[in-house]
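A.B. asks: With the hints as your guide, set chain D onto chain X.
If you read the protein sequences in the order shown, they are chains X and D. Just so we're aligned: the first sequence equals residues 2 to 234 in our numbering. Just so we're aligned: the second sequence equals residues 3 to 647 in our numbering.
Hints listed in this document are in silico derivations from the structure and should not be mistaken for laboratory results. Small disclaimer: the values here were computed from a predicted structure and weren't measured. We treat Cβ as the ideally placed atom computed from N, Cα and C, and that holds for glycine. There is no bait here: all hints are sound.
Straight-line alpha carbon distances no greater than 25 Å define the calculated BS3-like cross-link-like pairs of lysine-lysine that follow:
| id | chain 1 | residue 1 | chain 2 | residue 2 |
| --- | --- | --- | --- | --- |
| 1 | X | Lys-162 | X | Lys-204 |
| 2 | D | Lys-382 | X | Lys-26 |
| 3 | X | Lys-185 | X | Lys-199 |
| 4 | D | Lys-382 | D | Lys-351 |
| 5 | X | Lys-93 | D | Lys-104 |
| 6 | D | Lys-104 | X | Lys-79 |
A few chain X residues that face chain D, going by a derived Cβ cut-off under 10 Å, partial list only:
| id | residue |
| --- | --- |
| 7 | Ile-6 |
| 8 | Val-15 |
| 9 | Ile-17 |
| 10 | Phe-116 |
| 11 | Leu-145 |
| 12 | Met-227 |
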Amino acid sequence: MLSVIWETEGLQTVGIVLLVFASIKLLHMLGLISFSEDSIEDELELSTVRHRPEGLEQLEAQTRFSRKELQILYRGFKNECPSGVVNEDTFKEIYAQFFPQGDASTYAHFLFNAFDTDHNGSLSFEDFVMGLSILLRGTVQEKLNWAFNLYDINKDGYITKEEMLDIMKAIYDMMGKCTYPVLKEETPRQHVEVFFQKMDKNKDGVVTIDEFIDCCQNDENIMRSMHIFENVL
Amino acid sequence: MATGTAAWLPFARAAAIGWMPVASCPMPLAPRDNSKKKDELIMLNVSGRRFQTWRTTLDRYPDTLLGSSEKDFFYNEEAKEYFFDRDPDVFRSILNFYRTGKLHYPRQECISAYDEELTFFGIIPEIIGDCCYEEYKDRKRENLERLQDDQEDNKDMKLPNMTIRETMWRAFENPHTSTMALVFYYVTGFFIAISVITNVVETVPCGATPHHKNMPCGERYTVAFFCMDTACVMIFTVEYLLRLFAAPSRYRFMRSVMSIIDVVAILPYYIGLVMSNNEDVSGAFVTLRVFRVFRIFKFSRHSQGLRILGYTLKSCASELGFLLFSLTMAIIIFATVMFYAEKGSSSSKFTSIPASFWYTIVTMTTLGYGDMVPKTIAGKIFGSICSLSGVLVIALPVPVIVSNFSRIYHQNQRADKRRAQKKTRQARIRIAKSGSANAFLASKHHGLLNELLELTGTEEDEQKLIRNTSLLESQHHHLLHCLEKTTAHEFVDEHMFEQNCLEEALQSYPSRSPSVSSQGSCTICCCGSRSTSRNTALHIQSSQLAVHPSSRSNLNLRAEDGSRVNCKGGQVTTAIISLPSPPSLAPHREGRHHPHHPTTTTIRPSHRGEHPRSPRASRPPQAPHPPASSRCPPSDRSLSVDRNF
Chain X
2 MLSVIWETEG
12 LQTVGIVLLV
22 FASIKLLHML
32 GLISFSEDSI
42 EDELELSTVR
52 HRPEGLEQLE
62 AQTRFSRKEL
72 QILYRGFKNE
82 CPSGVVNEDT
92 FKEIYAQFFP
102 QGDASTYAHF
112 LFNAFDTDHN
122 GSLSFEDFVM
132 GLSILLRGTV
142 QEKLNWAFNL
152 YDINKDGYIT
162 KEEMLDIMKA
172 IYDMMGKCTY
182 PVLKEETPRQ
192 HVEVFFQKMD
202 KNKDGVVTID
212 EFIDCCQNDE
222 NIMRSMHIFE
232 NVL
Chain D
3 MATGTAAWLP
13 FARAAAIGWM
23 PVASCPMPLA
33 PRDNSKKKDE
43 LIMLNVSGRR
53 FQTWRTTLDR
63 YPDTLLGSSE
73 KDFFYNEEAK
83 EYFFDRDPDV
93 FRSILNFYRT
103 GKLHYPRQEC
113 ISAYDEELTF
123 FGIIPEIIGD
133 CCYEEYKDRK
143 RENLERLQDD
153 QEDNKDMKLP
163 NMTIRETMWR
173 AFENPHTSTM
183 ALVFYYVTGF
193 FIAISVITNV
203 VETVPCGATP
213 HHKNMPCGER
223 YTVAFFCMDT
233 ACVMIFTVEY
243 LLRLFAAPSR
253 YRFMRSVMSI
263 IDVVAILPYY
273 IGLVMSNNED
283 VSGAFVTLRV
293 FRVFRIFKFS
303 RHSQGLRILG
313 YTLKSCASEL
323 GFLLFSLTMA
333 IIIFATVMFY
343 AEKGSSSSKF
353 TSIPASFWYT
363 IVTMTTLGYG
373 DMVPKTIAGK
383 IFGSICSLSG
393 VLVIALPVPV
403 IVSNFSRIYH
413 QNQRADKRRA
423 QKKTRQARIR
433 IAKSGSANAF
443 LASKHHGLLN
453 ELLELTGTEE
463 DEQKLIRNTS
473 LLESQHHHLL
483 HCLEKTTAHE
493 FVDEHMFEQN
503 CLEEALQSYP
513 SRSPSVSSQG
523 SCTICCCGSR
533 STSRNTALHI
543 QSSQLAVHPS
553 SRSNLNLRAE
563 DGSRVNCKGG
573 QVTTAIISLP
583 SPPSLAPHRE
593 GRHHPHHPTT
603 TTIRPSHRGE
613 HPRSPRASRP
623 PQAPHPPASS
633 RCPPSDRSLS
643 VDRNF
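Pulled out of the complex, with its shape left as it was, chain X reads as follows:
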């Protein structure tokens, strides 16, 4: 007898509890109540990311491009990125369009870090144009410096084998699967070995900037290839 009463009462209680929870959830979903206070501020963040570059004269002074070239560069840059900055994902997308067969995202990541000299996570026009200035109009020394900076992932002044391996894998990733001869697992590693044998003079397992520059300057092929892209713009 008692148990029957408790059964019904129990069920009623359960029902009421369920009802209360459901209505709270519904009101929360409808946005009438909010539990945490920081939901409102999320919306303000996205609207302030906009960047205007420094004046044309300043950029002219800082880089080796002429006024006209800067104008052309900026027009192209702004067309693609109307907000004035490139974030890493956009950068990866853009770079990936040039290498449809492979996966260029890893290399693009390294490239992004190399260009983003102030490491604020986004590439502004100044960064872009400074990098290009070095690459297209800089001395061989500067170019090699830039390349060293690219390889040195953690920017500690030394290129270790692991760093080099990462870079090499990224470069081979861009090739994709369909290559001739077929890409094997240890190809990047072998390539890294060859590189280190050439560059690492004192065989201490790392390549410093001086070793790097020295070695490159002694290599004819590398010297010649540095001048290939001089008339790009």
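C.D. replies: Positioned in the frame of chain X, the structure of chain D alone reads:
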């Protein structure tokens, strides 16, 4: 490549310096950019509105008109700009495509106008951006459906030489094409109604008779109802068999929904005939009688609204399925909950979960019969939740179905409206077209009249008749004239041609001369060509010729008809008759002329009765030319001939 990447290519190339130190092989040489053109601004003048852009912007898409050398065709030397005589509003979105790499479809433009512009500028519509692509595709589909509707209406036109089978099928499908079809349509509709009413009235209690209690009418007047049923089924069977015979693809017809409904409607009767009054099977037989109600679906051939409803339900099958599924889920959940909630209470009607289904359905559809009500508090709470959620679950898919129905219904309405307006539209278009043809014929008369007047010599009359036709018109007329000369046939207007055709047909009947077969062929090709194209139907106009009593000339004429290759032929003769004012002169003159040249083997126009018609494109047949050779220069010769009179 998209525009952006074109701008970033120098960057990507520069970044390739990063590979140099690790390269295993020497690098290839870079291509030289010899065209060191400075980037310049191009002026594009589109119907007066000027657009300017960099040359490199346009060069991004070299396979379009603006990106290739094709635009040089539009270069205007004096103004140093490219001039396009196109719509400037649409050009805006086309130029934006070059600038941003994305093609947008402006919603207020007509889809076919937009398509034309895209084709003109060499841009494929598939690159329309995702933001606008759906809208574009929807509008294009609508337009296509509209055009298809217009084309389908042409099916109503009666093609000549249809077999009986095809005629019957057409009569069945489109009842308004002939009176027989209409009669058939109404008769079947009437019998369907009778059959349905009979089925319904059969079950009404008819009133007590002395020896029986209150019994339904069906059992009281068994014979009458049986006769009625037989008659209806006879009609339906005949109809079904006729449709089966006439169907172009019998297999497809038998699989179609309507034919299945037909079969299901008449089958119970036959099964009932075949089965004896066996007690076991009569139960099944009674069930079969239920299927007689399917006869009401035969009305869907008669009602377009029903067809639309059926089509809507078919096209919303997925929404209906979702509705059903979600309802089932909700019913099971709530029935279970209600059962357990009400289990405790005494004398509750919720004896099992399936028994609770009934309560749940009635509550969710907000019917609320009240035959089962919860008594416990928990039961009442859950019952109220059930009814609230029922409203939501049912209300959600219904608007989708409703909007689908509305769209299809309006589409049909539009089709009907278009069909109704079509006749007037086409009549107007025809008048406009024939206006231009008449212009040509009118100018011909005046031209010839001019020539005649030149010979007779009154200056004032000549100048009165020099119409100020525009250069374009005169060139067009000259072209038509050249065609006439090429084919040695002439343009005439519709009425004339129809008349001629009819008369040829009439004339061929009474004669039993040996050339009748050729005439028969003449008439056939005559009327055949009429149905194909009007403009090339050329027939000599000499409608003013009096019918000659002389059988000799008639016979001659027929023999000459036979010599005609095409059932057409003729020559321009005098232009004197071309003046609308004295039509009475013409027949007499021609009448006089004709007996003078009875034996000429020229191609002659056929006889005509007298038909007083005002703007006669009349060319009395005169000039005696040898048929095979020079047919071409009639006018001067005929003039000279006339002068002899």
